[in-house]
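Student: Chains as they are written, first to last, in this note's numbering: chain G, 547 to 985; chain L, 547 to 985; chain Z, 547 to 985; chain P, 547 to 985.
Derived from the structure by calculation, the hints contain no laboratory data.
These figures come from a predicted structure and were not determined experimentally.
If chains are identical, the list can't say which one is meant, so a pair holds when it fits in one copy or spans any two.
Simulated crosslink set (DSS-like; lysine-lysine; CA at most 30 Å straight-line): (1) K930 <-> K795; (2) K553 <-> K761; (3) K912 <-> K761; (4) K553 <-> K912; (5) K930 <-> K607; (6) K930 <-> K598; (7) K795 <-> K761; (8) K912 <-> K930.
Protein chains: 4
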Amino acid sequence: MRERLRKLLPLAEENAVRYRRDFHAHPELGWGEYRTASLIARRLQELGYRVKTGQAVLDGKSRMGLPEADPMRRQYDRAIREGADREYAETMREGFTGVTGELGQGTGATIGFRFDIDAVPVRETLDPDHFPARENFTSRHDEAMHACGHDGHAAIGLGLAEIIAGLDARLPGRVKLIFQPAEEGVRGARAMVEAGVVDDVDILFGLHIGLGARKTGEFRCGTRGFLATTKFDAHFTGVPAHPAYDPHKGRNALLSAATAVMNLQAIPPHGAGRTWVHVGSLTTGAGRNLIPDRAVLVMETRGETSALDDYARTYAERIIATSAEMHGTRCSIVRMGEAASGDSDEGLMRRVHEIARRSGVFPDLKLSNEGSIGVSEDFTHMMKRVADRGGRSTYLLLGSDLVGNHHSPQFDFDESVLGRGVEILALLALELGGESHEV
Amino acid sequence: MRERLRKLLPLAEENAVRYRRDFHAHPELGWGEYRTASLIARRLQELGYRVKTGQAVLDGKSRMGLPEADPMRRQYDRAIREGADREYAETMREGFTGVTGELGQGTGATIGFRFDIDAVPVRETLDPDHFPARENFTSRHDEAMHACGHDGHAAIGLGLAEIIAGLDARLPGRVKLIFQPAEEGVRGARAMVEAGVVDDVDILFGLHIGLGARKTGEFRCGTRGFLATTKFDAHFTGVPAHPAYDPHKGRNALLSAATAVMNLQAIPPHGAGRTWVHVGSLTTGAGRNLIPDRAVLVMETRGETSALDDYARTYAERIIATSAEMHGTRCSIVRMGEAASGDSDEGLMRRVHEIARRSGVFPDLKLSNEGSIGVSEDFTHMMKRVADRGGRSTYLLLGSDLVGNHHSPQFDFDESVLGRGVEILALLALELGGESHEV
Amino acid sequence: MRERLRKLLPLAEENAVRYRRDFHAHPELGWGEYRTASLIARRLQELGYRVKTGQAVLDGKSRMGLPEADPMRRQYDRAIREGADREYAETMREGFTGVTGELGQGTGATIGFRFDIDAVPVRETLDPDHFPARENFTSRHDEAMHACGHDGHAAIGLGLAEIIAGLDARLPGRVKLIFQPAEEGVRGARAMVEAGVVDDVDILFGLHIGLGARKTGEFRCGTRGFLATTKFDAHFTGVPAHPAYDPHKGRNALLSAATAVMNLQAIPPHGAGRTWVHVGSLTTGAGRNLIPDRAVLVMETRGETSALDDYARTYAERIIATSAEMHGTRCSIVRMGEAASGDSDEGLMRRVHEIARRSGVFPDLKLSNEGSIGVSEDFTHMMKRVADRGGRSTYLLLGSDLVGNHHSPQFDFDESVLGRGVEILALLALELGGESHEV
Amino acid sequence: MRERLRKLLPLAEENAVRYRRDFHAHPELGWGEYRTASLIARRLQELGYRVKTGQAVLDGKSRMGLPEADPMRRQYDRAIREGADREYAETMREGFTGVTGELGQGTGATIGFRFDIDAVPVRETLDPDHFPARENFTSRHDEAMHACGHDGHAAIGLGLAEIIAGLDARLPGRVKLIFQPAEEGVRGARAMVEAGVVDDVDILFGLHIGLGARKTGEFRCGTRGFLATTKFDAHFTGVPAHPAYDPHKGRNALLSAATAVMNLQAIPPHGAGRTWVHVGSLTTGAGRNLIPDRAVLVMETRGETSALDDYARTYAERIIATSAEMHGTRCSIVRMGEAASGDSDEGLMRRVHEIARRSGVFPDLKLSNEGSIGVSEDFTHMMKRVADRGGRSTYLLLGSDLVGNHHSPQFDFDESVLGRGVEILALLALELGGESHEV
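Here chain G stands alone, though its shape is the one from the complex (with noise of 0.2 Å):
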């Protein structure tokens, strides 16, 4: 098996890479993948996987921070212009951007593979040393980038699709390929998760290029330390009036939403670990000689556990409740993403640890990445779920030489990582699909 593996292996890389680029120059923001989303399915489907998208994959009420109708209007007619899928993407219509693609009839273990598959809001250099730019897939769409490798792990999951398919009789148990959107902003996975996509997931593996993995051969068998979050916008709604005139008839959402920006920052820490509130933004709506009637907070909270985050995001509420009431003001806040806090399963990390090993693939291989890994993912709610379930789940690091920062116009990965994804992963789903999932 890991011979007829290494035959297809060469076809499937070179596939990665060109799925790659075509994503890359064609990049979605959240909830609007409608032409990487119904090409996956596409492709998984003539691959033979049974596949489900849309509704079947998200539920829609748990859905977090969708943009507005007319933006989501204009971005699915956008992707059928660019070569969407027609049949797929109308399934997908209204921010249902989700896919699962599922091979295999086997009686061992179910392994899932979670890949994100959305875009960040950056607009990408043209620098003639970008690779992209000098291999000429840089993005068409001014108000988007992949500029944190989602490109690549669309590509990889893609890559492994194929690889399974050819391998197809031969699986011990079953693949279940997810892909998700909106990972950026932590807002798509629990859409996922309620909609039971990993209720039947005994093995779960995540992946990210880069992060804690910054060189080209480096593998880190699992991740600990991510940040519980929450992302909300706080709405101040006051009552306008001229400020010289009648100012005691206003109700002035600016002064609630200054109070509640300093008092935010006044949260006292917590005694049992880091918290972190900030406010990105704050925009009010009125005019030169008016009292502000609007006033937005964007902002999010962190937390080392996630009963960190709980604490920072109760007493956030608190602070911007107060402030409205303090000036008449009325508030309200919509949630816009959250993640959970976790680490990768031990038993399993060791166990990736020693199938990557024998692999050979990594020369530079650490079961886990250093200190806790500082970001947030969403990937966690998956993980937590599985674990309820009684199954396992870890999220493996990628090395890839990197230039730029994660989310920067320079971003780029080394595309030679792609085929040492899909090798890996491959390995995985073979290895332990046979066995029960009491790994």
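Based on these hints, arrange chains L, Z and P on the given structure of chain G.
Tutor: Just chains L, Z and P now, kept in the frame of chain G:
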């Protein structure tokens, strides 16, 4: 009768100066005027007045801004040591330091005169240029000084008492002399009003040396534009905790208080007139490395009208309550003083102007101050009650050359105005007493 | 001459209504009045006036609150499409949209009339009850509406121009018509003053429909109590950073701005009169998980006098500068508009009153508004310059029944007042022009 | 030698308990330890030590957080009344309450031991369950209590002094006992360091009862993770004024202080580790109707490293300076205490562990505390100086069953640990003194 008055005046004037210097040397803060009030009561009794003191002239629950029990006891003991009338002082224990004296049986109107008798918490200068220093009657008490002229008011009251007593048989109606404690901080008048002290008064006069009349020879027959005000303290109570170990267990009273201070400044102006909100002090009680669990704001609101003061105070109270809730502290608000807005009665002012003009006592005579007086006086409570019962009142300004500002350690007025004050009040008592109170 | 005037009036009135409706249908925001101003210039030229436009009547550097280059260009192109006079418009490119016209050679006084011509950023109601809707001349531009009556002012100006032209030979002195751009936001007058437009004017009139005169038939010969005001934007520039990774590398512009907002409320009132400080909007530019590196406050100060406005503005500028320094951000303040305090000239008001009384045009005639007008007008800059050079000026209030408030989408005035406006101004030109300017 | 030690121990232990109770009954706050220090000096002299006190062991200018002159004088007088050694106390006047004693002539290493001797400002409970109450040695001073075990530290120091004196002839090197004043508030160590007290010490030990070792029988051979800290007061000075008459003439110190408080909370966290900024109290000095012209913040910063503390303190100082400037007040910052970050020396900890293990004194022996100790100690200044001169140091934790928390009125430790403390320190002195200081 004017002739008889002319005969009595020189002695009354001489005595008034003597009283003034004695009061000046023994200043007593509000609700602690045991010596001042008991000596006034004794003198009124000697002159034949029907005297009332203590709980007969002050409603206990309506008193505001009382000192703590301990300092009050010490003030009492000192008063006794310094020659208070023991019998009357006994009736005034625990802050019941008011006096009224009534004379006359006539069927004419009841003419009331109100004099405030308390000192201010200022340490008097001992500069040899300071008149009381030169004449050797500076304050014997470090914590207090008659720096607002109430020593003069009380002295005029006793001088007037002597004159009226000398004219007794000729009184067309009745004269009621009201000596009020705790005018500073507008704390005392309400309790006298609630005890019914002005309920039988047809025409009521208040009087102040200086303020809007800063030259000897000036006289203003009334006052316009008293500001309404509320004095109160806001107490925040939190929970102490160590700021690095377990800061999340604390409830930070300083955060609540500082948030309140900043937001109190932000109360919108009112289209209908001016308001003021002022925090005079903020004090917290914890050490350097403890989360402060107590904070007190000493503050006041003002308004051009009582309605405007209500607006400011109500908004301020909401800010205080929400500042507490915001950081999980508790708060309570204690009323420490209050005065209404108010203006002297038009008709009465004109009547006074006519009498004063005929008397020739004052070379610079005007109906009223110019513009708004811009200060607060709890005499307004009495004005309101008198008006509610169909009577009239006015607040007279007795001009005097002044040294220093009111409430400054250098404050001094021209003693020669005491005689003028006694004379004009006596004339008013005589001329208006004969009238039905429909002036 | 009055007879000749009477003959000319009906046509002028009819034309004024026509002009008004045309301007109303084509409202242009401040510094973009290419169509309005160029058509006025053309008409003045036709009538024989000595016309000046563009940089001849506006000092470029003294203009405040200009739009960005792009929207300005789009406004210009639209004006051309909608029938602007190409020749004159060409002289006004890039926001030089002022016009003056002069007539007369007499040795008498130079009488100036100032008319403001810009619209406000309000979308006009299309309610069938709205008179312009019924008569089919509502705004063709979504972003603007003549909701403050400046369409009427410009129309009166042209009506007056026709009358004066018809009386030309008889003019004792000279008449100067001044059409000012960008009065909204008090942005335009200073630039006309700095270009010397009023330097040769002996008697200057400004005029407004409505404001303190809200009934047809009212006329106020002057205005008291214009508030001084300064309009400005404060721009804070910080450094972005990730709020959890390397927050210490950021410089948080929102913190600077929120601190400024809170402290701007805390500028102490001034003992000499009222001041106002108002922040109309606060906008920051970063995303949810970035330390905001830009913030803009759109704000204004006001004072009952220019000195009081200076006090408030200077304090505000210090708060802004120290709020920046406090958090390591940079700030710059851009002046967007300004007006001085001011009152109409007493003697001139009385002269106008006499002329208006004799004319019998207005049943409800008064010397001035009651109390302070409580608004700001950059006409005050012109008043000041005229007074500095020995002349006199007054700001007339032309009463009109109004629908809706000024600046509301429902605003409308009674067109019948246009004729009355033309008539009284013509009378003033004739009767005062003969005088030496020592009125 | 171990045998000789065993013979001396029982009496030393008995005496230590006696010393401890005497110190406990006469607690003295930092810089006022006249009785404690003078009796220690006297006892050391009796035992044959070379004793230094006062300015010989404390650099005057480097002392921080001294009390005012008056209370200091009162503390001195009380100490004399309560049996201080008059001769030594005389050398300590005005806050020079340090002592060192040296013994031994050997050529071996100089082993230093530092004991802190001051009490905390807490009123001791008189609850009959409280051991000192039961045994009748509670604090005779209302304002102070030995609630942090420094009475035990001083007693162990004297017990050790006795043992060492008994072993004198056998000492391989020299022993230096350092009794430091004013450890509370981290105020005293720097002045001893600047006086050169540890410059000749090769190996230095500090010791604390409790903290990270809260069971009798525990012993930690070193301490990791002292927090760096700076204690300071910020004084704002403004200008008083009446809040309604002439508020613009005031400079409001409370506004500066409240703005500082709010913004101090907003100092961004540092990516390299934790920082804390804490305001323990805010006090302003004016009356209700005066603009407050004075405000004092009592505060501290902390950091996991000295560099982090520097970051927080520098940012805090900038906030304070700009808050003053913002409202036209002046400010000054007075340093009240400071401690560096620091960890015990690895090699020395291991050496101590070995000696302690062999001694069998402690059933629960560990190299160090778990995690960071999370408190500050000015012993870190001594550690740094010793390391800078090539020596080594460690801070020992002597476990004890505790009642109440450190600094609580109920605090008590288990007296039986005094003997264990004396014993282990004596062993360290003997075993390490023979070594070259290259441990």
